[in-house]
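Chains as they are written, first to last, in UniProt numbering: chain A, 1 to 753; chain B, 1 to 753.
Since the hints were derived computationally from the structure, they do not count as laboratory data. The reader is advised that the hints may include incorrect statements.
[As the list claims (entries may be wrong)] Here chain B is said to cover these stretches of chain A; the calculated rule only asks that three of the stretch's residues, wherever they fall, bring their Cβ under 8 Å from a Cβ of chain B: (1) 498-508; (2) 663-673; (3) 680-694.
[Unchecked claim] Part of the chain A face toward chain B, derived, beta carbon under 10 Å: (4) Thr97; (5) Ser98; (6) Asp144; (7) Thr149; (8) Arg184; (9) Cys189; (10) Tyr202; (11) Gln278; (12) Glu417; (13) Lys459; (14) Ala735; (15) Asn736.
[Unchecked claim] With a cut-off of at most 27 Å between alpha-carbon atoms, the simulated DSSO-like pairs for lysine-lysine come out as follows: (16) B:Lys724 to A:Lys507; (17) B:Lys193 to A:Lys411; (18) A:Lys630 to B:Lys706; (19) B:Lys411 to B:Lys365; (20) A:Lys462 to B:Lys738; (21) A:Lys731 to B:Lys462; (22) B:Lys738 to A:Lys85; (23) B:Lys507 to A:Lys731; (24) B:Lys232 to A:Lys193; (25) A:Lys738 to B:Lys15; (26) A:Lys411 to A:Lys365; (27) B:Lys193 to A:Lys232; (28) A:Lys507 to A:Lys531.
Quick reminder that beta carbons are idealized off the backbone N, C-alpha and C, glycines included.
There are 2 protein chains.
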Amino acid sequence: MIFLQDNVLLKRDIKAEDIKPRLLGHWGTCPGLILVYSHLNYLIKQQNLDMLYVVGPGHGAPALLASLWLEGSLGKFYPEYSKDKDGLHNLISTFSTSAGLPSHINAETPGAIHEGGELGYALSVSFGAVMDRPNLIVACVVGDGEAETGPTATSWHAIKYIDPAESGAVLPILHLNGFKISERTIFGCMDNKELVCLFTGYGYQVRIVEDVDNIDCGLHSSFVWAVGEIHKIQKAARSGKPIFKPRWPMVILRTPKGWTGPKELHGQFIEGSFHSHQVPLPNAKEDDEERQALQEWLSSYKPEELFTDAGDVIDEIKSTIPSDDKKLGMRPEVYKGYVAPDLPDWRQFCVDKGDQFSAMKAIGKYIDQVFVQNHHSVRLFSPDELESNKLSDALQHTGRNFQWDEFSNAKGGRVIEVLSEHLCQGFMQGYTLTGRVGMFPSYESFLGIVHTMMVQYAKFAKLAKETTWRGDVSSINYIETSTWARQEHNGFSHQNPSFIGAVLNLKPYAARVYLPPDANTFLTTLHHCLKSTNYINLMVGSKQPTPVYLSPEEAESHCRAGASIFKFCSTENGIRPDVVLVGIGVEVMFEVVAAAALLRKRCPELRVRVVNVTDLFVVENEGTHPHALKDEAFNNLFTEDRPIHFNYHGYASELKSLLFGRPRLDRVSINGYAEEGSTTTPFDMMLVNEVSRYHVAKAAVMGGAKWNERVKIRGQELTSEFDKDITETRKYIIANRKDRDDTYDMPSFDSSM
Amino acid sequence: MIFLQDNVLLKRDIKAEDIKPRLLGHWGTCPGLILVYSHLNYLIKQQNLDMLYVVGPGHGAPALLASLWLEGSLGKFYPEYSKDKDGLHNLISTFSTSAGLPSHINAETPGAIHEGGELGYALSVSFGAVMDRPNLIVACVVGDGEAETGPTATSWHAIKYIDPAESGAVLPILHLNGFKISERTIFGCMDNKELVCLFTGYGYQVRIVEDVDNIDCGLHSSFVWAVGEIHKIQKAARSGKPIFKPRWPMVILRTPKGWTGPKELHGQFIEGSFHSHQVPLPNAKEDDEERQALQEWLSSYKPEELFTDAGDVIDEIKSTIPSDDKKLGMRPEVYKGYVAPDLPDWRQFCVDKGDQFSAMKAIGKYIDQVFVQNHHSVRLFSPDELESNKLSDALQHTGRNFQWDEFSNAKGGRVIEVLSEHLCQGFMQGYTLTGRVGMFPSYESFLGIVHTMMVQYAKFAKLAKETTWRGDVSSINYIETSTWARQEHNGFSHQNPSFIGAVLNLKPYAARVYLPPDANTFLTTLHHCLKSTNYINLMVGSKQPTPVYLSPEEAESHCRAGASIFKFCSTENGIRPDVVLVGIGVEVMFEVVAAAALLRKRCPELRVRVVNVTDLFVVENEGTHPHALKDEAFNNLFTEDRPIHFNYHGYASELKSLLFGRPRLDRVSINGYAEEGSTTTPFDMMLVNEVSRYHVAKAAVMGGAKWNERVKIRGQELTSEFDKDITETRKYIIANRKDRDDTYDMPSFDSSM
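Extracted from the complex, chain A is given alone in its bound form:
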């Protein structure tokens, strides 16, 4: 596949014109991946197993594609790669070109739930896939490059979160060939004693397969042993006598890099060295010696003995291939496994309008009920403890699924708390891509740890959507709380709302960002997200009690609109305003409401319209995002020409880029998180980031003065007053080390004004 564009069955000697103009691909890892694939086939057939194959080194795609073609899975989903001469010609000649399948595993690869582009996540994705699939075994190859990554290094602990009674098993295969591109690898340089020690410490039983002369025997017997161990552990747990700290099996496979490829070239070793990493004979088209070496290499596999005249493989090979329903490339979990969750009515968890209530507390109860109604198809993964995010009500009918604590006696459980965002994300990906539903609550500032991992997932999802054969999957659902705006004593390091920006850069059809202003809006938002498919949903909210502005009905219609006028705190319900004040986010919205109250008292002549945006994408310039308001609707909400001041939870830059292209942007001002504030009080955080009620009120007066003559006259006086408020309040906070006692009282509004 790397070399040929014709003569793919080697019916004649290879000529220069049989070779592609541009040789692209990674040979080094392929022999091992094919070896494993073949053995898995044999094992599945022999023992009637349900397996998936997750491959860490994603650039080993040729190995996968070849195996998939051979078993007919490629032909099933792509008729042009049928199991005959033409199909084989098409596969080989177009590989890694603009006309064919890419040289990386991706969503176009049948059977794949993992891309293996950004290395480090194969194991955690595999563990996520086997959760709540008691009969599934995922064989997962980890290359020795990937093994160096942090996410992989901690993923080995994932066995400690697998309850063998309810979940399946991962069979990790650490595939060592000793080299990355040119440097040796850490694991390749570890001797067997070091490796056995390390993985025994992680909790595994280790078998090392390294005798290349007897590799089939060694690998097969190790696989049989491993499956036996897995079944032993599962049987014990399922018969009510679980083994404490079961020692799950793993296999370490040492094979030479580029094994069975050219031994040497121009006096340099190729097989077993880094020279075989990509294209071992880079000048095969022009150089006769290299082309001769290619001829010898490819002929050594004796294609004439393996293929029939029609281009199909011989029956002996076919006899090792599992039946359709068991083939690695046709597993239904992978492409048609999604079942919509059974969701409770979110309204029954709503709280009274006018109360102060924690949005996290409200959804905790809702999530509890979601678990009750979906015993084996919804999970929650969190790097923090639910306790810390005020979500612990979710644990009312379920437990934390941690198996290594002899005192906890964890029996299953919908919740995994592990202090690794990478593990949580990997688990959620594997779980979601095999048809189930996951949630990922996190401290806001640390969700960015999986920024690129989320982007990788979104790329996989994009290509999945572009295939004809992959069905829907659940959206992945992030809940950000413990935000910068109420960071209490956590300080500067715990302030980073940048994950919003990560989602904004995704393809519009998949990206969803919500900042519900209160508990009821958060409930309906979460409900909406959990039943949605194929999105990346990000919900941002507070864990602290905050005012509930809207009844369930109002919450629903507000969230459906994405943004609306908060009439109760607007002047005369917001008609004919001089200025529009917009809050996006919980605390910053409260500051807008408080600013409106302040203005009503100090500057009643200023006509204020207060708007809340809960669906961030409504503000984006018309024509890009499906939720973006048309200019007409935008103008209805924000007026055509009045100044608009945004008080925004995230970085102002995000809002700037969304609004870009809307007409008359010179009337817009934006304040947002500005990287200010160490350990201080909640209200001081508002002050130092210039999103306090005083800042909002000041912006309102400055904007309103352009349209309201009476405000203009008093403008200078009023803004000085607000400046003084800012200075005095900061002084007060520092002197008293606390906010004023009435800071979070909900202001009352006289709606007749």
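Since chain A is already given, all that's left is putting chain B on it; use the hints.
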């Protein structure tokens, strides 16, 4: 510190008013941290050691601040925390309030080079700090929460990159207290056999200290043993007989969480349980029982026996404190260690204008010379192999510092290649914060893996700058290459320019983003970055040969300006244009140049000005970033009113947010990376992301038609032509699986036009 606002020496019984109104802090981890601090003091004094103390659990700040006050380091840098009654009162009463030091370790903490907010990086930072400091030992505490993170899990391998002949040593102390906030921890539930296996596998000798009744004896003897082992390994290496795979020492310390605190409250265990994580007596102000418990707890330390009347500690305690130059809080490496590197003349590495040359190749030679001139103070850390990024010339006089390969005989070396962005970043941070200079080249798409880690570093740097006592440190220097624009066969997963956006959101005085258009501009940019201090420098460039537009002199003045007109490809040197075409980035700039050539042929009546932006911040709205052009200069460059089309390397959203606020934005159009393109040809990547020459030319005609009557007449015809080019070229690429042969020929310009 968590509780008291008065009566800090317990001269009388604690009253309600002695207690702070808001109790904030983390008690659980503190006793262990203080224990270690005291023992390190004793050890330093006894053996005259050079040590630093890096603390993973950053919220253990009270332990550090107390110890620093006690040794006088706090008073040295903050006179208000003098070593007497007043100083102690100030420290305790203002702790974790808006008036005092925060409850998290940060740059305000003397002796600190690590914040410990986002967990996972303490170890790698420690290893970075000891590199090229042969006499330094960094004692690094890793909590059992942090130990669960991926970055920590792979950091244990860092010993494999430490050459004991030239570098110092890290003494890791895994501090297990068994709990996070409420859940057990992985490492807390591992038994001693599992722990010893695991860390033996990583390559350590392990000692476990867990007998709390003899903790001083156990910990001291283990520390003495560890320092002895370190010295043994170092002595062997420094006498020319290095031990292969030396087994570095580490200590596992098991102590009860919240040890010595209240044993129980209201019938619940506190000491040794998660209840001691934060504030063990949360209602001490209001609840008499809790206040009584507090009284007993604090009295149990017998302050009356430890403090003199003046509020200083007694001489017996003082006798264990090292001399000033050895104190953990006064180490010069931490706050005045920076020495500017000795840099070669970058001009001598320049290439000829008009050639095609790889920017990475050019800087590889320059970096080689930087290493030659700075044997022990400049290092390069990379998750990729230099080979792969065409930087391998940097290895001409130095090697890869990997110690675990018996065949490589690595003796030192300025380069560390390890497939973990987290390790690279941690190493660079530790190395930089102790006064040296680091570079971090990376595939563009995977640098985002350390997005939040970089933000954490920037936060540390911001607060360092705000102290009066910390000196300059080198900037940290990222080199992004292997970008999406030339991703060859790596496919969709290898495309992610989002790290630019991460830097854009930093505080303006620290953020620097450069996209030099050719090899010579890259050279002068790198030179500039390496001599700069306190910035986060991001440089983005291509590893492929690309046209060299500018001579060394031109490159220098272009980079000094940040952006300028490329006269050679502009109509009549760019005067009186109908449209301004701007390239930011290497390949997208070449497309702008090619578009200008195309337009000159097909639409000579359109007057085109071509601009290159190399310093991204010049476009930002006036008044924010120090590099932002004033509106007048902006208009001089981009004209006052003509349409501007940006062809941008990153996400368009970034440029939108930068430009927001500039007048007349309705004349601006922006194309950038749009998340399109799997494995395909380089030019197809331009086409599918709509940044090809045809897209630029089409945008130019559409813009220019507004100002040029003749262009307007032909506008429709021309844009259809370009549309056809786009369609036809894509067809050609897919059919031929390659770009047209002349795609990358530099177009010639007749400057008289």
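Structure-based check of each hint:
no.	hint	result
1	498-508	holds (count 7)
2	663-673	holds (count 3)
3	680-694	holds (count 3)
4	Thr97	holds, 4 Å
5	Ser98	holds, 4 Å
6	Asp144	holds, 9 Å
7	Thr149	holds, 5 Å
8	Arg184	holds, 5 Å
9	Cys189	holds, 4 Å
10	Tyr202	holds, 6 Å
11	Gln278	holds, 9 Å
12	Glu417	holds, 5 Å
13	Lys459	holds, 5 Å
14	Ala735	holds, 7 Å
15	Asn736	holds, 8 Å
16	B:Lys724 to A:Lys507	holds, 26 Å
17	B:Lys193 to A:Lys411	holds, 25 Å
18	A:Lys630 to B:Lys706	holds, 25 Å
19	B:Lys411 to B:Lys365	holds, 21 Å
20	A:Lys462 to B:Lys738	holds, 25 Å
21	A:Lys731 to B:Lys462	holds, 23 Å
22	B:Lys738 to A:Lys85	holds, 24 Å
23	B:Lys507 to A:Lys731	holds, 25 Å
24	B:Lys232 to A:Lys193	holds, 23 Å
25	A:Lys738 to B:Lys15	holds, 20 Å
26	A:Lys411 to A:Lys365	holds, 21 Å
27	B:Lys193 to A:Lys232	holds, 23 Å
28	A:Lys507 to A:Lys531	holds, 20 Å
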